[in-house]
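J.: Could you build all of it, start to finish, from the sequences and the hints given here?
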Amino acid sequence: MITITILTLCFLAALSCKIKKVKVPVVQVLLWYFHLFLGSISLICLFLMLNNYGFKGTQTERVFFTLYAGTGMLLYGLAKPDNDARYAYLLCFFGFPFVLLLGLLIPPLRTITLVAAITLLSDSEFQRYDIDNDFALQTKSTSILSTYPVYSLIADKYLLFEKLTPDVIRPGAAPGFLKMEKRGKDSVRILLKTTGNKIDTVLLLSE
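Position one of the sequence shown corresponds to residue 119 (this note's numbering), numbered consecutively onward.
Some hints could be false.
[Stated by the list, open to error] Within a straight-line C-alpha distance of at most 27 Å, the following computed BS3-like cross-link-like pairs (lysine-lysine) qualify:
id: 1; residue 1: 316; residue 2: 297
id: 2; residue 1: 138; residue 2: 174
id: 3; residue 1: 303; residue 2: 174
id: 4; residue 1: 258; residue 2: 275
id: 5; residue 1: 198; residue 2: 258
id: 6; residue 1: 258; residue 2: 303
id: 7; residue 1: 174; residue 2: 139
id: 8; residue 1: 311; residue 2: 281
id: 9; residue 1: 303; residue 2: 281
[Unchecked claim] Cβ-Cβ distance ranges computed for the label pairs, FRET-style:
id: 10; residue 1: 224; residue 2: 161; range: 28 to 34 Å
id: 11; residue 1: 297; residue 2: 142; range: 53 to 59 Å
id: 12; residue 1: 303; residue 2: 279; range: 20 to 26 Å
id: 13; residue 1: 309; residue 2: 233; range: 33 to 39 Å
id: 14; residue 1: 131; residue 2: 222; range: 20 to 26 Å
id: 15; residue 1: 205; residue 2: 120; range: 25 to 31 Å
id: 16; residue 1: 279; residue 2: 210; range: 27 to 33 Å
id: 17; residue 1: 210; residue 2: 119; range: 50 to 56 Å
id: 18; residue 1: 322; residue 2: 292; range: 20 to 26 Å
Please keep in mind that the hints were generated in silico from the structure rather than gathered at the bench.
Bear in mind the structure is a predicted one, so any value in this text is a computation, not a measurement.
Built from N, CA and C at the ideal position, the CB exists for glycine as well.
T.: Below is the structure:
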């Protein structure tokens, strides 16, 4: 709900600024540079995600993406109507909710739009179980898009980053009982019990 809340507040603020024709040039310039900074960070996040890396934290990338989109909406609300590329670029952020609404109203696009909206706006639920100071087992549940969580191995990398190895185990259910025991420096024994299922396996820990 954090993503939807932030974007809703930014959209309403932008709409209010546009209606009242608010003009604050200094704030607009500062917000523009902050938006560009967030855009650069978002590109880095996207590149890292494509390579199974990311910034430390469960929701860090989503926070950057959300703030990037939110500042784009605010800038549209403060911008003076124009025909240049910047105004068209900002219009894409402000017009996104209307595109989703239009997609929901058109029957052939309804399912695709609903899946896209849930994927982009719904916050996933994360749970991490520490193995040691450098590794953790993570479960990720994405709303109604998946019936059970994805189990991933998280490894700390280079102070600010972490590496994610998805689907290290596939119990097909949320964890009921979980016990982890390190075996040496490069492996961990995982005992996992779920409803009607039990997994006893060993994972290799690789840097």
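J.: Indicate, hint by hint, whether the structure satisfies it.
T.: Hint by hint, here is what the structure shows:
no. : hint                  : verdict
1   : 316 x 297             : holds (12 Å)
2   : 138 x 174             : violated (40 Å)
3   : 303 x 174             : holds (22 Å)
4   : 258 x 275             : holds (20 Å)
5   : 198 x 258             : violated (42 Å)
6   : 258 x 303             : holds (26 Å)
7   : 174 x 139             : violated (40 Å)
8   : 311 x 281             : holds (26 Å)
9   : 303 x 281             : holds (18 Å)
10  : 224 x 161: 28 to 34 Å : holds (31 Å)
11  : 297 x 142: 53 to 59 Å : holds (57 Å)
12  : 303 x 279: 20 to 26 Å : holds (21 Å)
13  : 309 x 233: 33 to 39 Å : holds (35 Å)
14  : 131 x 222: 20 to 26 Å : holds (24 Å)
15  : 205 x 120: 25 to 31 Å : holds (29 Å)
16  : 279 x 210: 27 to 33 Å : holds (29 Å)
17  : 210 x 119: 50 to 56 Å : violated (24 Å)
18  : 322 x 292: 20 to 26 Å : holds (24 Å)
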